[in-house]
Amino acid sequence: MPVYSYMNRSNLNQDGFSLVEALIALFVLSIGILALTAMQTVAIKGNAGANRISESTNWAADQAEQIFVMDYDDANLQDTNSNGLAGLDNDEAPDGGPVSSGIFSNYSVVWNVAVDEPMPETKTIHVIVTRNDQDSSKRVTFEYIKMKYM
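Residue numbers (the numbering used here): 1 to 150.
In short, the hints are calculated from the structure, not lab data.
Do not rely on the hints blindly, as some may be mistaken.
Listed below are the simulated PhoX-like cross-link pairs for lysine-lysine, each with C-alpha atoms no more than 25 Å apart in a straight line [to be verified]:
#1 Lys-123 <-> Lys-146
#2 Lys-123 <-> Lys-148
#3 Lys-138 <-> Lys-45
Let's have the full structure, built from the sequences with the hints guiding it.
Structure follows, in structure tokens:
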């Protein structure tokens with residue numbers, strides 16, 4: 001009795017992968033790699049956009065902190081164009097600013113003031129940060145209320 005008698009002849013004559021099967025497998029693998037590359041590109045662009053929003057938010061928070069330190073009657077906290085609530089979101093004719101410097105020169109930080117809003121002896125202040133890219137402009141707006149007496 002031969003040693004390999006338990007194997008029949010059909011098991012010994014198995015063929016490997018054909019060239020067509022290998023090419024199909026390679027094609028499916030390359031489609032998967034291309035999809036991963038596209039996802040990575042979208043993720044990088046999304047992270048860059050989130051970073052710009054974070055920078056804008058930090059600029060607005062920094063300016064708001066500087067405004068909180070100012071006296072209620074400070075000259076920088078006056079409604080210089082007397083447009084009240086109607087002008088709070090207008091970054092073309094601001095009551096204060098623009099503030100920009102150094103590497104962040106593509107950011108514009110302005111603020112608008114509405115006196116005695118929402119109640120007497122208070123000021124509503126909108127800090128508006130605008131980032132100007134080559135093809136678009138994005139804004140972040142913070143609203144604060146400063147009270148005369150605390």
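Status of the hints after comparison with the structure:
no.: 1; hint: Lys-123 <-> Lys-146; result: 5 Å, holds
no.: 2; hint: Lys-123 <-> Lys-148; result: 8 Å, holds
no.: 3; hint: Lys-138 <-> Lys-45; result: 15 Å, holds
In the structure shown, no violation is registered for any of the earlier numbered hints.
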